[in-house]
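Protein chains in written order, with this note's numbering: chain W, 2 to 114; chain U, 967 to 1080.
If you are wondering where the hints come from, they were derived from the structure by calculation, not from laboratory data.
Every value quoted in this text rests on a predicted model; they were computed, and no experiment measured them.
From the three backbone atoms N, C-alpha and C, an ideal C-beta is built for every residue, glycine too.
Among the hints, erroneous ones may be present.
[Said to hold, decoys possible] As a list, the in silico DSSO-like pairs of lysine-lysine whose alpha-carbon atoms are at most 27 Å apart:
# : chain 1 : residue 1 : chain 2 : residue 2
1 : U       : Lys-1067  : W       : Lys-45
2 : U       : Lys-967   : W       : Lys-45
3 : W       : Lys-58    : W       : Lys-10
4 : U       : Lys-967   : W       : Lys-58
5 : W       : Lys-45    : U       : Lys-1037
6 : W       : Lys-58    : U       : Lys-1023
[Unchecked claim] Here chain W is said to cover these stretches of chain U; the calculated rule only asks that three of the stretch's residues, wherever they fall, bring their Cβ under 8 Å from a Cβ of chain W:
# : stretch
7 : 979 to 993
8 : 1003 to 1010
9 : 1066 to 1080
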Amino acid sequence: NAGVTQTPKFRILKIGQSMTLQCAQDMNHNYMYWYRQDPGMGLKLIYYSVGAGITDKGEVPNGYNVSRSTTEDFPLRLELAAPSQTSVYFCASSYSLSNQPQHFGDGTRLSIL
Amino acid sequence: KNQVEQSPQSLIILEGKNCTLQCNYTVSPFSNLRWYKQDTGRGPVSLTIMTFSENTKSNGRYTATLDADTKQSSLHITASQLSDSASYICVVSAVYSSASKIIFGSGTRLSIRP
């Protein structure tokens, strides 16, 4: 099994550009998450989803949007890229919300110049 | 305020030696505590999960302990190997009636020297 797959692995954007970070999982998990990891900081939750068609804001949602049309896919959209969004973005999935581990992708490294 | 603090920030030890990483938390109401290993350039990988009633959980050479009274956890690595070089992240979850909150520590960066 591939687990959680994120694309692209690296991307450089200009200020004001938009892009979509892709995330797909093949474990039939209902729960999916988007995090950002800044240097020396813990992961911060951007958005999460408890199932297809259901999404909710996390700790740092401003400047991002998500959709969940299928169980497998959970794309993250940046509409107007800003330098503050330079970070490493991780997608994760889990079977349940509480006592099950989250499975992470290998991240997308995004630079906004 | 829900917080997870890890110490030390970084640690260097010789191959074959043991080490212990610390995690203190103020997350409430407590649901579970997880330790993840994050290799450079990779996503975190789960090592252990402990609920309120568990005070020890092992995964090979990794042993996690939890003291829910003092809100402290530790991760002990035995007979370290070069492949143990990574960041170790403590994650605490709080579960409310209709939501869940997951707080990540900033991690301890461990380097194993030959």
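Would you check the hint for Lys-967 of chain U and Lys-45 of chain W, treating anything up to 27 Å between C-alpha atoms as holding? Between Lys-967 of chain U and Lys-45 of chain W the Cα gap is close to 15 Å, so the pair holds against 27 Å.
Does Lys-1067 of chain U pair with Lys-45 of chain W here, judged by a C-alpha cut-off of 27 Å? holds, 11 Å
Quickly compare the C-alpha distance for Lys-45 of chain W and Lys-1037 of chain U to 27 Å and report which way the hint goes. holds, 21 Å
Mind taking a look at whether chain W covers the stretch 1066 to 1080 of chain U? Criterion is 3 or more residues with CB to CB distance under 8 Å. Three-residue rule met by the stretch 1066 to 1080 of chain U, so holds; n is 7.
How does the stretch 979 to 993 of chain U fare against chain W when you require at least three residues with a CB closer than 8 Å, holds or violated? Coverage by chain W is violated here, the residue count being 0 at a Cβ distance below 8 Å.
When you check the alpha-carbon spacing of Lys-967 of chain U and Lys-58 of chain W, does it fall within 27 Å? Distance ~19 Å between Lys-967 of chain U and Lys-58 of chain W Cα, so the pair holds.
Are Lys-58 of chain W and Lys-10 of chain W close enough, with their CA atoms no more than 27 Å apart? Holds, at about 24 Å.
Does Lys-1023 of chain U lie within 27 Å of Lys-58 of chain W when you go C-alpha to C-alpha? violated, 32 Å
With a cut-off of 8 Å between beta carbons, are at least three residues of the stretch 1003 to 1010 of chain U near chain W? This one holds; 4 residues, not fewer than the three required, reach chain W with a Cβ under 8 Å.
Comparing the model with each earlier hint shows violations of hints 6 and 7; every other hint is respected.
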